[in-house]
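Generate coordinates for the entire structure from the input sequences, incorporating the hints supplied.
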Amino acid sequence: MTEWWEALSSLGKVFACIAIPATLVLLIQTILSIIGLSGSDGDADVPDGGIDIDGDGIPDVFPDAAPDGVFGSDVPDDGDAPDSGFRLLSLRTIIAFLTIFGWVGLITLKQGLPTAWSLIISFAGGFVAMLLVALAVSWMMRFQTDGTRNIGNALGKSGTVYLRIPANREGNGKVNLMLQDTFVELDAVTDEENEIPSGREVVVIGLSGQSTLVVKSK
Numbered sequence: 001m002t003e004w005w006e007a008l009s010s011l012g013k014v015f016a017c018i019a020i021p022a023t024l025v026l027l028i029q030t031i032l033s034i035i036g037l038s039g040s041d042g043d044a045d046v047p048d049g050g051i052d053i054d055g056d057g058i059p060d061v062f063p064d065a066a067p068d069g070v071f072g073s074d075v076p077d078d079g080d081a082p083d084s085g086f087r088l089l090s091l092r093t094i095i096a097f098l099t100i101f102g103w104v105g106l107i108t109l110k111q112g113l114p115t116a117w118s119l120i121i122s123f124a125g126g127f128v129a130m131l132l133v134a135l136a137v138s139w140m141m142r143f144q145t146d147g148t149r150n151i152g153n154a155l156g157k158s159g160t161v162y163l164r165i166p167a168n169r170e171g172n173g174k175v176n177l178m179l180q181d182t183f184v185e186l187d188a189v190t191d192e193e194n195e196i197p198s199g200r201e202v203v204v205i206g207l208s209g210q211s212t213l214v215v216k217s218k
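Mind the numbering: the sequence shown is residues 1 to 218 in our numbering, read in order.
No lab work stands behind these hints, which were simulated from the structure alone. Keep in mind that the hints are not guaranteed to be accurate.
List time: in silico SDA-like cross-link candidates among lysine to any residue, alpha-carbon distance up to 25 Å [to be verified]: (1) 218 / 164; (2) 218 / 192; (3) 174 / 27; (4) 218 / 197; (5) 174 / 193; (6) 174 / 29; (7) 110 / 6; (8) 216 / 183.
In structure tokens, the structure reads:
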């Protein structure tokens with residue numbers, strides 16, 4: 001490993017310092033997605049008296065939900081879902097860009113290409129990867145919203161935090177969970193005093209607005 005590192009040029013070391021961490025983050029993203037897929041398909045445990053089932057299997061009342069959580073007739077039932085528009089800049093696309101940029105740079109340098117061409121090809125490869133990931137995410141989100149999905153059905157479900165959720169609703173995080181037999185990624189906030197880190201299992205206790213979940217740690 002040391003010999004490989006010492007054999008790299010200065011630019012090669014820069015490419016390696018970009019490619020290796022980005023690849024590790026990509027692997028972590030993948031693992032978190034797998035964990036979320038396998039561990040979020042069941043209903044969550046809630047305090048005694050905190051849920052009322054009327055026979056249809058859908059939670060009616062969550063007394064510990066956030067004050068502005070949406071319940072009952074206010075829960076959107078028309079299949080509205082989070083914005084499924086194309087977003088070129090996101091954590092996923094940036095990680096994809098850095099991963100491909102770094103490895104393509106190392107490969108082109110090893111092939112003996114001039115520095116300028118190596119940079120150009122690396123940027124081009126990274127941008128293509130970024131674009132493809134953005135298109136894939138946009139397509140998946142659009143596919144998720146094409147059916148009759150009701151975000152209100154997320155109430156009481158378990159999920160896994162994908163992007164950390166700031167405390168006291170100081171910002172949005174993201175949660176992966178199973179909703180109507182579909183693996184989805186939704187915005188989430190919490191009223192807890194401590195932020196909820198990535199990988200933590202949470203339970204949906206309410207809705208804020210049309211597409212944001214209110215969650216708490218399990």
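Task: Agreement of residue 216 and residue 183 with the hint, judged by alpha carbon distance not exceeding 25 Å - done: 20 Å, holds
TODO: Given the hint that residue 174 pairs with residue 193, test it: the Cα-Cα distance must not exceed 25 Å.
DONE: 17 Å, holds
Task: Restraint check for residue 218 with residue 192, where alpha carbons must lie at most 25 Å apart - done: 12 Å, holds
Open item on the list: Between the alpha carbons of residue 110 and residue 6, is the straight-line distance 25 Å or under?
Closed with: 14 Å, holds
Task: Distance restraint between residue 174 and residue 27, which requires alpha-carbon spacing of 25 Å or less - done: It holds: about 18 Å lies between the C-alpha atoms, which stays within 25 Å.
Open item on the list: Does residue 164 sit within 25 Å of residue 218, going by the straight-line distance between their CA atoms?
Closed with: 15 Å, holds
Task: Proposed proximity, residue 197 with residue 218 (alpha carbon, max 25 Å) - done: 12 Å, holds
Open item on the list: Given the hinted pair residue 174 and residue 29, is their Cα-Cα distance within 25 Å?
Closed with: This hinted pair holds, its Cα atoms lying about 12 Å apart.
Taken one by one, the earlier hints all hold for this structure without exception.
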